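Visitor: Chains as they are written, first to last, in this note's numbering: chain A, 3 to 521; chain B, 5 to 398.
Rather than coming from a laboratory, the hints here were simulated on the basis of the structure.
Since we're looking at a predicted model, the values are computed, not measured.
Errors might be hidden in some of the hints.
To be verified - A short list of chain A residues far from chain B (calculated; beta carbon distances all over 10 Å): (1) L57; (2) I79; (3) L113; (4) G127; (5) I345; (6) V352.
Unchecked claim - Distance windows between CB atoms, simulated: (7) A:D230 x B:R7: 48 to 54 Å; (8) B:E192 x A:I416: 57 to 63 Å; (9) B:R165 x A:V495: 53 to 59 Å; (10) B:E227 x A:G401: 49 to 55 Å; (11) B:R165 x A:A390: 37 to 43 Å; (12) A:L311 x B:D124: 48 to 54 Å; (13) A:L311 x B:Q205: 52 to 58 Å.
Ideal placement from N, C-alpha and C gives every residue a C-beta, glycine not left out.
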Amino acid sequence: MLKRYLKNFVVEKIMESGNQPQRPKAPVAPDLNRVMDALRQRFGSTGDLVLRKILAGNGTIPVLVVYLENMADPKTINESIIAKLQEAPVALLANSKILAHAVLPVSKVVLTGDLVKAVDGILYGKTAIFLSGSDRAIVAETSGWEKRSIQPPETETNIQGPQEGFVEAISVNITQIRRRIRDSQLRFDNLHLGTRTNTALSVAYIEGLADPGIVAEVKKRVQAIRIDGIQSAQSVMEFIKDQRLTPFSTLLKTERPAKVVACLLEGRVAIFVDGTPFVIVAPVTFAMMLQEGDDYYFSFYFGSFLRWLTLFAFTATLVLPSLYTAITTHHWEMMPTPLALSIAGSREGVPFPLLVEVLAMELTFELLREAGVRLPKAVGPAVSIAGALVIGQAAVQAGLISPVVVVLVAFTGIASFAIPSYDATLAFRLLRFPLIILSFAIGILGLVAGLIVIWAHMASLTSFGVPYLAPFTPVQVKDLKDTLFRVPTWAMVTRPQTIPSLDPDRLGKVQSHQEEDER
Amino acid sequence: MSRPRFLTLLLIVSLLLGGCTERREMNETNFVLGALFDYDAEKDKYEMYTQVAVSEAFSKMQSGGQLQETYLIYRGEADTVYGAVRDAARNSARRLFWSHCDVYVMGKDLAQKGILPFLDFAHRDHELRSTAYIFVSDIPREKLLSIKDGQEKVPLMALKRLVLLGPKRHGETIPKRVIEVWKDQSMENPVYLVPMLSMKQPETRAVEEKTKFEMAGAAVFREDKMVGRLSPQETRGYLFVSGQIKNAVFPLQVHGKKIAVELIGSKAKIIPHIEDGNVAFRIEVKPQFNFGENDQPLNLENQAFDKAAENAFNGAVEQEIRKSIEQAQQLKADYFNLAREVQLADNKLWQQIRNQWAEEIFPDLSIEVMVQSQLLRTGLLIETNLKGGRAEGE
Numbered sequence: 003m004l005k006r007y008l009k010n011f012v013v014e015k016i017m018e019s020g021n022q023p024q025r026p027k028a029p030v031a032p033d034l035n036r037v038m039d040a041l042r043q044r045f046g047s048t049g050d051l052v053l054r055k056i057l058a059g060n061g062t063i064p065v066l067v068v069y070l071e072n073m074a075d076p077k078t079i080n081e082s083i084i085a086k087l088q089e090a091p092v093a094l095l096a097n098s099k100i101l102a103h104a105v106l107p108v109s110k111v112v113l114t115g116d117l118v119k120a121v122d123g124i125l126y127g128k129t130a131i132f133l134s135g136s137d138r139a140i141v142a143e144t145s146g147w148e149k150r151s152i153q154p155p156e157t158e159t160n161i162q163g164p165q166e167g168f169v170e171a172i173s174v175n176i177t178q179i180r181r182r183i184r185d186s187q188l189r190f191d192n193l194h195l196g197t198r199t200n201t202a203l204s205v206a207y208i209e210g211l212a213d214p215g216i217v218a219e220v221k222k223r224v225q226a227i228r229i230d231g232i233q234s235a236q237s238v239m240e241f242i243k244d245q246r247l248t249p250f251s252t253l254l255k256t257e258r259p260a261k262v263v264a265c266l267l268e269g270r271v272a273i274f275v276d277g278t279p280f281v282i283v284a285p286v287t288f289a290m291m292l293q294e295g296d297d298y299y300f301s302f303y304f305g306s307f308l309r310w311l312t313l314f315a316f317t318a319t320l321v322l323p324s325l326y327t328a329i330t331t332h333h334w335e336m337m338p339t340p341l342a343l344s345i346a347g348s349r350e351g352v353p354f355p356l357l358v359e360v361l362a363m364e365l366t367f368e369l370l371r372e373a374g375v376r377l378p379k380a381v382g383p384a385v386s387i388a389g390a391l392v393i394g395q396a397a398v399q400a401g402l403i404s405p406v407v408v409v410l411v412a413f414t415g416i417a418s419f420a421i422p423s424y425d426a427t428l429a430f431r432l433l434r435f436p437l438i439i440l441s442f443a444i445g446i447l448g449l450v451a452g453l454i455v456i457w458a459h460m461a462s463l464t465s466f467g468v469p470y471l472a473p474f475t476p477v478q479v480k481d482l483k484d485t486l487f488r489v490p491t492w493a494m495v496t497r498p499q500t501i502p503s504l505d506p507d508r509l510g511k512v513q514s515h516q517e518e519d520e521r
Numbered sequence: 005m006s007r008p009r010f011l012t013l014l015l016i017v018s019l020l021l022g023g024c025t026e027r028r029e030m031n032e033t034n035f036v037l038g039a040l041f042d043y044d045a046e047k048d049k050y051e052m053y054t055q056v057a058v059s060e061a062f063s064k065m066q067s068g069g070q071l072q073e074t075y076l077i078y079r080g081e082a083d084t085v086y087g088a089v090r091d092a093a094r095n096s097a098r099r100l101f102w103s104h105c106d107v108y109v110m111g112k113d114l115a116q117k118g119i120l121p122f123l124d125f126a127h128r129d130h131e132l133r134s135t136a137y138i139f140v141s142d143i144p145r146e147k148l149l150s151i152k153d154g155q156e157k158v159p160l161m162a163l164k165r166l167v168l169l170g171p172k173r174h175g176e177t178i179p180k181r182v183i184e185v186w187k188d189q190s191m192e193n194p195v196y197l198v199p200m201l202s203m204k205q206p207e208t209r210a211v212e213e214k215t216k217f218e219m220a221g222a223a224v225f226r227e228d229k230m231v232g233r234l235s236p237q238e239t240r241g242y243l244f245v246s247g248q249i250k251n252a253v254f255p256l257q258v259h260g261k262k263i264a265v266e267l268i269g270s271k272a273k274i275i276p277h278i279e280d281g282n283v284a285f286r287i288e289v290k291p292q293f294n295f296g297e298n299d300q301p302l303n304l305e306n307q308a309f310d311k312a313a314e315n316a317f318n319g320a321v322e323q324e325i326r327k328s329i330e331q332a333q334q335l336k337a338d339y340f341n342l343a344r345e346v347q348l349a350d351n352k353l354w355q356q357i358r359n360q361w362a363e364e365i366f367p368d369l370s371i372e373v374m375v376q377s378q379l380l381r382t383g384l385l386i387e388t389n390l391k392g393g394r395a396e397g398e
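Chain A on its own, in the form it takes in the complex (with noise of 0.2 Å):
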């Protein structure tokens, strides 16, 4: 009923957004008078846009540069554009097309007949030089703010691997991924989106590996988004994701160029988001949740260990607190008795139901947690043994708490941040939460009960078309190489057979050394 009205609602939306709206074009008036009007009718009179006019030509023709102070790179500026003009000679002044080619020594140049492209070229940064009595303006490529330095990744730390994490400019991250897939066939498609923030986006994938219906349907959707501003991944996933309700995370956000190329290479689609440190990774799979970078810079005995110990820990994160609690108000016969009695005399005395109990301290935990994250680095790891002093020593002094839950609360909270994607463990976290009640009023019996419901919400959820349990629903068995094991790289023969792809084959026909040593 409720899925019912979601696809409805899901559907309805899509459609209603299907066919984007053409955005009214403006000629560019040859008359640079009229020129500056339009101009400041759009940007009105805000501080930072520059109008500059020059004499061309030895001081003949008039030529108009509009630019956004401190978005553009004054320098460039400076040098290629009105250093040139002012000593352009006439001849190459007559009209736009061989000004953009002969004169200005700009990296890229677009010549448009459109003054809304060039608005929106200034928006980014770029130069739009007016000539007078030609009816197409040149926009140069001079855009250069203050960008962040690429930094090793902040969520996503590993050991062994690449420390470079994704910064905010989207250049920036499009060079990273460029720099490390150098293959021609790699394709970038940008797209603009928010009718106000005017987001530039990219949506990447290798041609000829990535499924074109994938690609396509990827840009539908992104295009399909009407929104007045985008500013974080977050938000482009909520409208692409294929179920919008669900918890679970059925696209992967990651910092990592490393792990974007893996994905590439494995014919995913990457979404780049300007303004954020985070790229959207289409189609994606729970699997991947338990994909470490560093299972692949490690042996790959250690690579499998570590598959399973993250396995471990969403389990324990999602099952532990109510099985504790289950147990301990239904089911005491499954104790061995040294056990039970343990328990039950830590909980002598202890004046709250295990309910209680266990609800209050999770939630502690989660209190302390976030106010980790919010609070300044200085004074964050005086909150956390604060914390910990609190809860754990005082708490259980004071007989207000028992001290099972105190270490099974810290052992939960320890095997979430043992799961490697963040966006992974959110779902689990909350979902924690009415597991405990349910196993709290019927025990076992509803501690399953409400795991199936789980395991089927999480075997209904797609990614763009892929099943999100497979390899294991349905089964995959050539997936599981590179889920439950990590096998050593020379036996990943395929491509996930989970994700479409027009190339499975991995190794290609590339002989092994063994071979060539033979001949």
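Given the coordinates of chain A, work out where chain B should sit on it, guided by the hints.
Guide: This is chain B only, laid out in the frame that chain A set:
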């Protein structure tokens, strides 16, 4: 309200409300860890004593060091076993929880009257574990409940360890679960053994010694009544035949030397011989043993001595088995379950003799016992010398 919406609501409500009544807090519960059931012939009433853990004593929280009670005793009395159990609830402010009780001791009086009421209750009630261990005690009940093991916070819990350790240390007791007794008593001509619990009074010399549990010997049950007792040696004889014995120490006299050997395992085979309607049995036991100790200079490379030791060991084991068989035949109690072997070997014959088996055939059954032991290891020494002298056999 639409139908699916109503159903969903119903499901949620039933999920959330249904279980809350069953919910119990662990710290509002008395964990029963051991129980004694007995029968008072004078009052004609069943009695029940339980040892209940004081759970606070089981967590490491209070390190204050003040010694406190680690267990409480509750007593109930009624015309029935279940009644006696429920009678104790009158005195317990917390619900008595039986699932963790691993030790059920039957008083001797109850054992002689019949333990069926207990067995029935233990299997009928879902809370009692039928995998718990059962014992028969000849200790007076006041005394039994006051024995403190010292190691266990709840003394009766020690019984489980004691009985499980028995076959591995001395072989004079036999672990028995409640469910095994239940199965045994439902057979044809049910005869079975239940471990016997007695106590060891301190020697006057040892000042610090306290009264302790002693797990040796067994009670012989026919149907649900105790009909006799086996001495520790006879119990071990049974364990040899049933192949349950793991380890024991035997003193032997060989060539005038006193030695002790350690049994390290034994296999047994019961072979029925049926000829012309006559049943005879042959019991083959093949124990293996190590040298444990000897009191005089000795070189164990001496094959003759080893042979003699094996023979002496054979004799000792054979004697124990014979004693056990004699006792069984005397009691007319076929606790070796030879009847089953006859049935397996020749069912037609068994159908003819089944009614005479217990009373007439078994007591006069010819049973041949053959022990074939094997000396495996000598321990860390081969030769024992005194003053550099030469040992025997050099």
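Visitor: Each hint should be assessed against the structure and marked as holding or not.
Guide: Results of checking the hints against the structure:
1. L57: The claim stands: L57 (chain A) keeps its Cβ more than 10 Å from every Cβ of chain B (closest is about 76 Å).
2. I79: Correct as stated: the minimum Cβ-Cβ distance to chain B is 65 Å, above 10 Å.
3. L113: With a cut-off of 10 Å, L113 (chain A) remains clear of chain B, as the shortest Cβ separation is near 61 Å.
4. G127: 54 Å, holds
5. I345: Per Cβ check, I345 (chain A) is inside 10 Å of chain B; nearest 6 Å; violated.
6. V352: Non-interface label fails for V352 (chain A): nearest chain B Cβ at 7 Å, not farther than 10 Å.
7. A:D230 x B:R7: 48 to 54 Å: 42 Å, violated
8. B:E192 x A:I416: 57 to 63 Å: Check passed, 59 Å falls within 57 to 63 Å.
9. B:R165 x A:V495: 53 to 59 Å: Given a distance of about 56 Å, which is inside 53 to 59 Å, the answer is holds.
10. B:E227 x A:G401: 49 to 55 Å: 53 Å, holds
11. B:R165 x A:A390: 37 to 43 Å: 39 Å, holds
12. A:L311 x B:D124: 48 to 54 Å: 50 Å, holds
13. A:L311 x B:Q205: 52 to 58 Å: With Cβ atoms ~57 Å apart, the hint holds.
In terms of the numbered hints stated before, the structure departs from hints 5, 6 and 7, listed from lowest to highest.
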